[in-house]
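Q: Next come the chains, spelled out residue by residue.
There are 2 protein chains.
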Amino acid sequence: MNTALTKLKTQLAKIEDLKHVSALLMWDQATYLPQGGSEARARQISLVAGLLQQKQTSHELGKLIDDVTPLISQLAPEASDAALIRVAREDFDRETRLPATFTQRLYSHLSRSYDLWVKARPKGDFKAVQASLAHTLELSREYSEFFPGYVHPADPHIDLNDPGMTVAQIQPLFAALRTELVPLAQAIAKKPKPKSGFLNKKYPEAEQLAFGLQVAQDIGYDLTRGRQDKTHHPFMIKFSLGDVRITTRVNPNDLGDAFFSTIHEAGHALYEQGLDPTFEGSPLGHGVSAGIHESQSRLWENLVARSKPFWKHYLPKLKKRFPAQLKGISLDDFYRAINRVQPSLIRVDADEVTYNLHVMLRFDLELQMLTGKLAIKDLPDAWNERYKQDLGIAPPSARDGVMQDMHWFTGMIGGVFQGYTLGNIYSAQCFAAALKTHPKIPEQIAKGQFETLRKWLGKNIHQYGRRLTPQDIIQKSTGKPLSITDYMNYLRKKYRAIYALV
Amino acid sequence: MNTALTKLKTQLAKIEDLKHVSALLMWDQATYLPQGGSEARARQISLVAGLLQQKQTSHELGKLIDDVTPLISQLAPEASDAALIRVAREDFDRETRLPATFTQRLYSHLSRSYDLWVKARPKGDFKAVQASLAHTLELSREYSEFFPGYVHPADPHIDLNDPGMTVAQIQPLFAALRTELVPLAQAIAKKPKPKSGFLNKKYPEAEQLAFGLQVAQDIGYDLTRGRQDKTHHPFMIKFSLGDVRITTRVNPNDLGDAFFSTIHEAGHALYEQGLDPTFEGSPLGHGVSAGIHESQSRLWENLVARSKPFWKHYLPKLKKRFPAQLKGISLDDFYRAINRVQPSLIRVDADEVTYNLHVMLRFDLELQMLTGKLAIKDLPDAWNERYKQDLGIAPPSARDGVMQDMHWFTGMIGGVFQGYTLGNIYSAQCFAAALKTHPKIPEQIAKGQFETLRKWLGKNIHQYGRRLTPQDIIQKSTGKPLSITDYMNYLRKKYRAIYALV
Numbered sequence: 001m002n003t004a005l006t007k008l009k010t011q012l013a014k015i016e017d018l019k020h021v022s023a024l025l026m027w028d029q030a031t032y033l034p035q036g037g038s039e040a041r042a043r044q045i046s047l048v049a050g051l052l053q054q055k056q057t058s059h060e061l062g063k064l065i066d067d068v069t070p071l072i073s074q075l076a077p078e079a080s081d082a083a084l085i086r087v088a089r090e091d092f093d094r095e096t097r098l099p100a101t102f103t104q105r106l107y108s109h110l111s112r113s114y115d116l117w118v119k120a121r122p123k124g125d126f127k128a129v130q131a132s133l134a135h136t137l138e139l140s141r142e143y144s145e146f147f148p149g150y151v152h153p154a155d156p157h158i159d160l161n162d163p164g165m166t167v168a169q170i171q172p173l174f175a176a177l178r179t180e181l182v183p184l185a186q187a188i189a190k191k192p193k194p195k196s197g198f199l200n201k202k203y204p205e206a207e208q209l210a211f212g213l214q215v216a217q218d219i220g221y222d223l224t225r226g227r228q229d230k231t232h233h234p235f236m237i238k239f240s241l242g243d244v245r246i247t248t249r250v251n252p253n254d255l256g257d258a259f260f261s262t263i264h265e266a267g268h269a270l271y272e273q274g275l276d277p278t279f280e281g282s283p284l285g286h287g288v289s290a291g292i293h294e295s296q297s298r299l300w301e302n303l304v305a306r307s308k309p310f311w312k313h314y315l316p317k318l319k320k321r322f323p324a325q326l327k328g329i330s331l332d333d334f335y336r337a338i339n340r341v342q343p344s345l346i347r348v349d350a351d352e353v354t355y356n357l358h359v360m361l362r363f364d365l366e367l368q369m370l371t372g373k374l375a376i377k378d379l380p381d382a383w384n385e386r387y388k389q390d391l392g393i394a395p396p397s398a399r400d401g402v403m404q405d406m407h408w409f410t411g412m413i414g415g416v417f418q419g420y421t422l423g424n425i426y427s428a429q430c431f432a433a434a435l436k437t438h439p440k441i442p443e444q445i446a447k448g449q450f451e452t453l454r455k456w457l458g459k460n461i462h463q464y465g466r467r468l469t470p471q472d473i474i475q476k477s478t479g480k481p482l483s484i485t486d487y488m489n490y491l492r493k494k495y496r497a498i499y500a501l502v
Numbered sequence: 001m002n003t004a005l006t007k008l009k010t011q012l013a014k015i016e017d018l019k020h021v022s023a024l025l026m027w028d029q030a031t032y033l034p035q036g037g038s039e040a041r042a043r044q045i046s047l048v049a050g051l052l053q054q055k056q057t058s059h060e061l062g063k064l065i066d067d068v069t070p071l072i073s074q075l076a077p078e079a080s081d082a083a084l085i086r087v088a089r090e091d092f093d094r095e096t097r098l099p100a101t102f103t104q105r106l107y108s109h110l111s112r113s114y115d116l117w118v119k120a121r122p123k124g125d126f127k128a129v130q131a132s133l134a135h136t137l138e139l140s141r142e143y144s145e146f147f148p149g150y151v152h153p154a155d156p157h158i159d160l161n162d163p164g165m166t167v168a169q170i171q172p173l174f175a176a177l178r179t180e181l182v183p184l185a186q187a188i189a190k191k192p193k194p195k196s197g198f199l200n201k202k203y204p205e206a207e208q209l210a211f212g213l214q215v216a217q218d219i220g221y222d223l224t225r226g227r228q229d230k231t232h233h234p235f236m237i238k239f240s241l242g243d244v245r246i247t248t249r250v251n252p253n254d255l256g257d258a259f260f261s262t263i264h265e266a267g268h269a270l271y272e273q274g275l276d277p278t279f280e281g282s283p284l285g286h287g288v289s290a291g292i293h294e295s296q297s298r299l300w301e302n303l304v305a306r307s308k309p310f311w312k313h314y315l316p317k318l319k320k321r322f323p324a325q326l327k328g329i330s331l332d333d334f335y336r337a338i339n340r341v342q343p344s345l346i347r348v349d350a351d352e353v354t355y356n357l358h359v360m361l362r363f364d365l366e367l368q369m370l371t372g373k374l375a376i377k378d379l380p381d382a383w384n385e386r387y388k389q390d391l392g393i394a395p396p397s398a399r400d401g402v403m404q405d406m407h408w409f410t411g412m413i414g415g416v417f418q419g420y421t422l423g424n425i426y427s428a429q430c431f432a433a434a435l436k437t438h439p440k441i442p443e444q445i446a447k448g449q450f451e452t453l454r455k456w457l458g459k460n461i462h463q464y465g466r467r468l469t470p471q472d473i474i475q476k477s478t479g480k481p482l483s484i485t486d487y488m489n490y491l492r493k494k495y496r497a498i499y500a501l502v
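Each protein sequence line maps, in turn, to chains X and D. Read in order, the letters of the first sequence correspond to residues 1 to 502 in our numbering. Read in order, the letters of the second sequence correspond to residues 1 to 502 in our numbering.
It should be emphasised that the hints constitute simulated quantities derived from the structure, not laboratory data. One should not assume that every hint holds.
To be verified - Pairwise CB distance ranges, derived in the manner of DEER restraints: (1) D:Ala394 with X:Glu451: 35 to 41 Å; (2) X:Arg492 with D:Pro252: 53 to 59 Å; (3) X:Gln29 with D:Glu385: 49 to 55 Å; (4) D:Ala394 with X:Ala30: 48 to 54 Å.
The C-beta atom is built at its ideal place from N, Cα and C for all residues, glycine as well.
Could you build all of it, start to finish, from the sequences and the hints given here?
A: Okay, here's the thing in structure tokens:
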């Protein structure tokens, strides 16, 4: 094998390992860290981040990438090594564009910004975070300037999480989706609500966790290569291809909270557990984009675990665990309750129909902030105005309005929210393609059999990691580029039936 | 403040943080790591170890230490900064004496050695590990050669864990202790055994854990700066002065296993939680030696938690948790059962009287191996012979003989075992000194009050960390150098009463 390529792989494997060390520090911070350890932990995370940046931007690494670049012309374009060189080049270029001084300024600002937000959010005190958020916006624009040649200042941010995507591609897609979703949500709002109170009876924690983890295993989450712990905010995190963990939270008065978040995170985990095992220690060994990742979590959470066939199999099992709470509840009652649509203020609590309205308005506000069309001081009013337009309601306080998500207070403005809606769109497109090849998937789901679906996803999506671009993966697996058609067909069919719409 | 000193402290703080990052990787390996993650974890641990060694042996660090060394003459000998410079110098000198190539050879050999041991131990197949152990011995001797000027080749090993101690000091101390312990154990062996079967009834895990953790908190273990998790082998580990964790294991058929190991580890943790808080991020912020550390764990485990006053307070509470299992058991029954003396094959299961016999024979065998008087092939016979002499029994297989402890198979030969017995000796000497100042400590213990004792330990032992030497700490806190007098007085008085010896 080429010596430079071998050396490059060794260097990249160290970078991967160091990323995973950093991830463990964060996982422990979210799961088990005692209060007294938090200051030291922040220091440890920052130390490892510094060591990582040194390795990611070292002259030696740059030299190795230069040395191997000519190899690409000798390799098939889809060969792992060609992809490795491409990805290593992309990562190195991005990392080296950012001066270490900028990164330090950014992270030290965001750490203060987060502290301010934690204190101010309960009171909804936007004034207390306004100046800090304005500085975050300045830094977010400064970030874009390190990537000259962009069309929209949000593009470099978007590219970081959804490589290859731009505002120019996303904006028309989201506009079309909004045009469809707003009237659908309005039509549903006029209909009587399904009863759902039984979901809010008392459901003991241990039984909720056991049920969720059992289903996660049924759909294919491998506990010899993963585990579940409790955190305030659920997430999926990876320490190697053989150690992909999920976390969940439990609300003893809400049967859906832990369950759907467990399946969501298990969906993310199935993606990482399904990567080509030869990608261990390689930058190819990661989900390819935020949108594709979210498509895997949403596919299992919504298209599978909020479907009627799924509960045909699992409702009897759930009733065995909670006989008193679910007494007399029919499959139809249950299905309608878990798919209840209700315009609400909080994104993370939103149903399938209204969820994207929350996301897309954030995306649009970000674009306006980044281009200077919207000043931070005017953000709460713009937020409330758009909520009224799209959802017919507005928050009484910034706590449940513009301050509800941590994103703008722990990270830059731009580049994150689009992934949630892209994920929903992709999820339906993938599921439709899987069903086209295997029409019996719904019947199998109704028997608690998920292997056909999981294998289709493994073969068409999971295995590739970053070897193919998101665009290539979607084209190859679904036979067409990203489109909202399958997603809107899915939503319309499902919710027309539930709400007896014309 | 002196600029070089400030720079040195910054460098040392990074070294401390990196040590703690490494510790977290190991903690997770022992607590929660799924099987599939173990290969990557070994790689991550080795990566961080490499980064740590680079920092610990960097030319820059050596230069800073040289720059600040003249400051010592301007500082009081007990001043923290003087101690910091001394300790930094000692650590740097030791780390730089070992060539990186030696460390790599050593760790890669030990990793193979451990794998061999894990496979061979269940069958007691000493032949399968013999060549590997012989190589460990060679490497252990090679280690000593990096520290020329030693009197005994075990001295550099001992100095690593019990700084300032040598074979010349330890050997006569251990010989005297053995002369006392062997006849004491033999006299006890002739007496009828206290009944103890009730300790092996069925004790549900959750209740055992809850009781142990409650007592750990009662003696002062602070859960806002610590936590407890389950592992195969219990241990204490630290990620910062505000995050000192313990682990335990539970045997549902042995009430003593989880409880005494929890108190043992909590004793270690009290030491680390009791360090001067200004030592955060400093190499002074660690227990000073293996022996002193073990003295703190053994003091709480044995002198406190195996005492009669202690159970006067806690037995009624224990009976509330386990009313059926402990029905009709008197304080005296319980006290005699948890202090049952019984010559046995396994060190970690041994009682207070015979425990040191297990330790001292290992120490003596190590010395013989390191000087070449005992060949590895003759080790099992030498082991069995000495067990017969000291304990009157010999193992039927190497599994419960020379292969029982992981120490010689995961580490070098030499330098570790002495700490266990030094700890026992120190523990009684400290406890006697505390009682001399505060004669009411036993009465307080009988009321579940531990503050006087803990504060005495905090003031006289814990706070110093590595600021004073172990020898200075013992001299200062007990008014005399290390001696077996208090320890033998304690054992004789306690066990003469329990066993009605003349």
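Q: Hints first: check each against the structure and report whether it holds.
A: Taking the hints in turn, this is what the structure says about them:
1. D:Ala394 with X:Glu451: 35 to 41 Å: Roughly 56 Å apart at Cβ, these two residues miss the hinted range, so it is violated.
2. X:Arg492 with D:Pro252: 53 to 59 Å: holds (56 Å)
3. X:Gln29 with D:Glu385: 49 to 55 Å: Holds: the Cβ-Cβ distance is about 52 Å, inside 49 to 55 Å.
4. D:Ala394 with X:Ala30: 48 to 54 Å: Once the Cβ atoms are compared, 51 Å apart, the range 48 to 54 Å for X:Ala30 and D:Ala394 holds.
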